[in-house]
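Undergrad: The residues making up each chain are set out below.
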Amino acid sequence: MRLQNKINIRFLMVTLLVFTVAGVILYFTLGNVIDHNIRGILKSRKTNVILYLQHNKTDSILFGSPDRTIFIRQIAKIVDQSIVSDTMAYDVREMELIPFRKMVFTTTVANVCYEVTILQSLLESEDLQVIIFYFMTILFILIILALFFLNRWLSNKAWKPFFKSSALLKSWKIGENKQVHFDVTGISEFDQLNKTLEEMIEKMQADFINLREFTENASHEIQTPLAIIKSKVEMLLNDQTLSSKQHLQLHEVFETAIRLSRMNEALLLLSKIENKQFAEKSDISFNSLIESRLAYLEELIDLKKIKLSIDLSVPFIVSIHPMLADILLSNLLSNALRHNCSHGKIIITSGNNEIFFSNTGDPLTIDPLKIFKRFVKQSTSEASNGLGLAIAEEICKLNALSLDYTYQNHLHCFVLSKKFKN
Amino acid sequence: MKILVVEDEKMLSDVIVSYLKGEGYLTEQAGTLDLGTQKVNLYQYDCVLADIGLPDGNGFKLVAEIKKCHPGTGIIIISAKNSLEDKILGLDLGADDYLTKPFHLSELNSRIKSVLRRRKFEGQKELVAGKLRILPENRQVYVQDELISTTKKEFDLLLFFISNQGRVLTKESIAEHLWGDFADSSDTFNYVYSHIKNLRRKILEKSGVEYFRNVYGTGYVFEIGNIR
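Heads up: the sequence lines are chains A and B, in that order. Residue numbering for the first sequence follows numbering that gives the first Met the number 0, beginning at 0 and increasing consecutively. Residue numbering for the second sequence follows numbering that gives the first Met the number 0, beginning at 0 and increasing consecutively.
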């Protein structure tokens with residue numbers, strides 16, 4: 000829900016409440032005023048009737064007024080009391096039953112007792128209720144309309160800087176190292192927000208770059224100590240005086256150091272790719288690169304008795320850094336080889352703007368969606384560091400390629416395809 | 000054979016030097032670009048191992064300097080940076096090889112030998128080990144003057160072993176020597192095993208001598224000492 004709408008709803012609710020209360024108060028207040036008024040009218044008419052009786056001493060005194068609102072008749076005995084009550088009566092002009100206020104009193108003029116009934120129409124007071132209701136309703140609708148237009152105007156105009164900032168933020172990505180600049184809006188709240196955002200973005204960018212540099216430097220610095228460990232252990236492995244048990248343990252140290260250095264190398268490569276250190280691109284034919292990589296792997300493929308079927312007739316040319324192309328294909332090919340079974344198959348086919356790498360192998364035990372995540376690996380195999388596919392994906396991301404995984408007909412299939420910008 | 004090790008990390012330099020001494024080389028050390036430059040200007044070395052990231056400058060300068068005063072010296076760059084650009088730059092400047100840290104000492108040793116063979120003996124030299132005679136240029140192996148057929152990998156493997164005679168070669172370093180970056184699969188150890196098995200058989204058939212010794216769980220040693 001938009002903020003403006005939220006505010007409007009509250010506002011309307013309060014307005015409705017206020018209008019209702021005000022309407023009720025107005026109704027009763029006006030009612031009282033009218034009541035008071037009618038009482039005054041009745042009083043003055045009473046005086047008029049008495050005066051009239053005093054001045055017209057005729058027998059024809061018993062009559063009703065032509066508008067049938069005053070009735071006078073002679074009575075025997077005076078009741079010293081006037082009665083005021085509400086009643087319904089037929090109105091000639093309105094031609095319907097309408098409410099009246101009736102006043103009945105007795106008076107003595109020249110020793111004759113009269114009873115006078117005065118009727119006063121209450122139609123006005125009933126109309127009042129209706130008028131108040133309509134008035135309030137119309138006012139309420141007007142307020143809603145006003146709010147609606149105000150809202151539109153506010154959204155378009157007053158909130159403009161806000162939407163502009165929000166669009167800027169949406170387009171901003173960390174790591175792109177793009178400067179974000181917000182315009183001065185002249186509205187202190189927005190300017191304050193923009194200033195804070197600008198500072199925050201600057202800080203985030205600096206932190207991000209620092210962190211990336213740190214990762215790269217750390218991986219880099221680790222290589223030399225690892226070289227020392229490996230070399231020292233390699234020297235020790237040649238020591239004839241060691242027992243075979245010590246020898247084995249030493250070899251484990253050696254193995255672990257190698258694993259560590261491989262992992263470190265892969266991480267270093269990842270951070271280099273992320274740091275865009277492979278920006279120079281040239282057109283590389285993946286077809287010939289795959290063929291040369293496969294020639295290199297020929298023996299490994301033969302030894303595992305894997306059947307290779309390749310159809311690279313459709314050319315697939317990508318603008319990419321040569322080393323990245325090499326790493327990408329090496330990773331995909333060694334992945335197809337590593338997770339293959341003995342006497343399995345590797346099928347590589349090129350199509351229009353895509354290359355398929357399929358291989359036999361046990362189904363995944365991990366979530367296929369996580370296959371490109373770092374350190375996610377199928378086996379507990381020590382040989383795999385779980386970074387190969389992460390690197391492959393990262394390379395694709397930076398070179399307008401997409402890499403997708405499917406498992407169909409007992410084949411793991413990686414599809415490398417070109418992304419087109421519309 | 001004189002080798003200069005230019006490496007700022009003292010411990011790494013020391014371990015390389017002690018390994019190379021074991022191989023019978025004369026070695027010298029330099030920890031800075033300045034000292035390295037001085038040394039290559041003063042003396043002639045057969046091979047220089049040059050680190051790229053030196054505290055007082057870039058090792059590429061050293062490569063250029065060596066090329067200037069002693070063009071015949073073999074140069075192997077040892078760098079912590081595995082970058083294609085650096086590799087190309089180094090080789091363009093005249094380095095013979097480029098090795099990325101962390102490397103296996105046996106690999107370094109084999110590279111040094113290969114460089115020395117090419118540099119000092121114009122690749123003509125034949126290697127003799129026991130009853131084996133190897134012509135590295137022609138990629139031929141003779142056992143008691145009889146040519147045996149070897150696959151490319153088997154030849155590389157034999158050369159690697161002969162370059163590191165009497166040393167324990169771990170499965171990992173063999174795999175890395177043969178397959179480089181693809182060596183990270185545990186399958187490769189089976190391949191190492193099967194290559195060695197074939198090589199052993201071929202040599203044993205012709206010579207009747209077992210040169211390879213299995214070091215349990217670790218790797219293999221090529222020895223000719225125990226048959227003398």
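One or more hints might be untrue.
[To be verified] Here are the simulated lysine to aspartate or glutamate pairs, EDC-like style, with alpha carbons at most 16 Å apart:
no.: 1; chain 1: A; residue 1: Lys-280; chain 2: B; residue 2: Glu-84
no.: 2; chain 1: B; residue 1: Lys-151; chain 2: A; residue 2: Glu-220
no.: 3; chain 1: A; residue 1: Lys-275; chain 2: B; residue 2: Asp-96
no.: 4; chain 1: A; residue 1: Lys-45; chain 2: A; residue 2: Glu-95
no.: 5; chain 1: B; residue 1: Lys-38; chain 2: B; residue 2: Glu-84
no.: 6; chain 1: B; residue 1: Lys-112; chain 2: B; residue 2: Asp-91
no.: 7; chain 1: A; residue 1: Lys-396; chain 2: A; residue 2: Glu-175
no.: 8; chain 1: B; residue 1: Lys-151; chain 2: A; residue 2: Glu-298
no.: 9; chain 1: B; residue 1: Lys-80; chain 2: A; residue 2: Asp-238
no.: 10; chain 1: A; residue 1: Lys-163; chain 2: A; residue 2: Glu-197
no.: 11; chain 1: B; residue 1: Lys-201; chain 2: B; residue 2: Asp-144
no.: 12; chain 1: B; residue 1: Lys-112; chain 2: B; residue 2: Glu-22
no.: 13; chain 1: B; residue 1: Lys-80; chain 2: A; residue 2: Glu-298
no.: 14; chain 1: B; residue 1: Lys-151; chain 2: A; residue 2: Asp-301
no.: 15; chain 1: B; residue 1: Lys-124; chain 2: B; residue 2: Glu-106
no.: 16; chain 1: B; residue 1: Lys-152; chain 2: A; residue 2: Glu-298
no.: 17; chain 1: B; residue 1: Lys-80; chain 2: A; residue 2: Glu-197
no.: 18; chain 1: B; residue 1: Lys-20; chain 2: A; residue 2: Glu-175
no.: 19; chain 1: B; residue 1: Lys-9; chain 2: A; residue 2: Glu-215
[To be verified] Covered stretches of chain B, going by a simulated chain A footprint (3 or more residues, C-beta under 8 Å):
no.: 20; region: 15-25
no.: 21; region: 55-61
no.: 22; region: 87-96
no.: 23; region: 135-145
no.: 24; region: 187-198
no.: 25; region: 209-216
Keep in mind that the hints were calculated from the coordinates and are not lab data. No residue lacks a Cβ here, since even glycine has one placed at the ideal position from N, Cα and C.
Undergrad: Indicate, hint by hint, whether the structure satisfies it.
TA: Tested hints:
As the CA atoms of A/Lys-280 and B/Glu-84 are separated by approximately 13 Å, the hinted pair is consistent with the 16 Å bound. For the suggested pair B/Lys-151 and A/Glu-220, the alpha carbons sit about 36 Å apart, so the restraint of at most 16 Å is broken. Annotation: proposed proximity of A/Lys-275 to B/Asp-96 is violated, straight-line Cα distance about 27 Å (limit 16 Å). Distance check on the hinted pair: A/Lys-45 and A/Glu-95 sit about 26 Å apart at the alpha-carbon level, beyond 16 Å; violated.
This hinted pair does not check out: B/Lys-38 and B/Glu-84 have alpha carbons roughly 27 Å apart, beyond 16 Å. A distance of roughly 21 Å separates the Cα atoms of B/Lys-112 and B/Asp-91; the hinted pair therefore is violated under the 16 Å criterion. Between the alpha carbons of A/Lys-396 and A/Glu-175 the distance comes to roughly 13 Å, so the proposed pair stays at or under 16 Å and holds. In summary, the hint linking B/Lys-151 to A/Glu-298 is supported, as the alpha carbons are separated by about 10 Å, within the 16 Å threshold.
Of the supplied pair hints, the one linking B/Lys-80 and A/Asp-238 is violated, its CA atoms being roughly 31 Å apart against a limit of 16 Å. Taking the CA atoms of A/Lys-163 and A/Glu-197, the gap is near 14 Å; set against the 16 Å cutoff, the hint holds. Between B/Lys-201 and B/Asp-144 the alpha-carbon distance is near 14 Å, which keeps this suggested pair within the 16 Å criterion. Under the criterion of a C-alpha separation no larger than 16 Å, the hint pairing B/Lys-112 with B/Glu-22 is consistent with the structure, at around 10 Å.
For the hint pairing B/Lys-80 with A/Glu-298, the CA-to-CA distance comes to about 29 Å; that exceeds 16 Å, so the pair is violated. In summary, the hint linking B/Lys-151 to A/Asp-301 is supported, as the alpha carbons are separated by about 14 Å, within the 16 Å threshold. Between B/Lys-124 and B/Glu-106 the CA atoms are separated by roughly 20 Å; this puts the pair beyond 16 Å, and the hint is violated. Taken as a hint, the B/Lys-152 and A/Glu-298 pair is honoured in the structure, with Cα atoms around 9 Å apart against an allowance of 16 Å.
Restraint check for B/Lys-80 and A/Glu-197: not satisfied, since their Cα atoms lie roughly 36 Å apart, outside the 16 Å limit. At roughly 51 Å between alpha-carbon atoms, B/Lys-20 and A/Glu-175 are farther apart than 16 Å, so this suggested pair is violated. Restraint check: the Cα-Cα separation between B/Lys-9 and A/Glu-215 comes to about 23 Å, which exceeds 16 Å; the hinted pair is violated. With a threshold of 8 Å between beta carbons, the proposed coverage of the region 15-25 of chain B by chain A holds, since 4 of its residues qualify and at least three are required.
Chain A is given as covering the region 55-61 of chain B, and this is violated because 0 residues of the stretch bring a CB closer than 8 Å to a CB of that chain, at least three being needed. Coverage of the region 87-96 of chain B by chain A is violated in this model, with 0 residues showing a Cβ closer than 8 Å to a Cβ of that chain against a need of three. Note: the region 135-145 of chain B has 0 residues with beta-carbon separation from chain A under 8 Å; the three-residue rule is not met and the coverage is violated. For the region 187-198 of chain B, the proposed coverage by chain A is satisfied: 4 residues have a C-beta within less than 8 Å of a C-beta in that chain, meeting the threshold of three.
Proximity of the region 209-216 of chain B to chain A, defined as three or more residues with a beta carbon under 8 Å from a beta carbon of that chain, is established by the 3 residues found.
This entry does not satisfy hints 2, 3, 4, 5, 6, 9, 13, 15, 17, 18, 19, 21, 22 and 23, going by the numbered hints stated previously.
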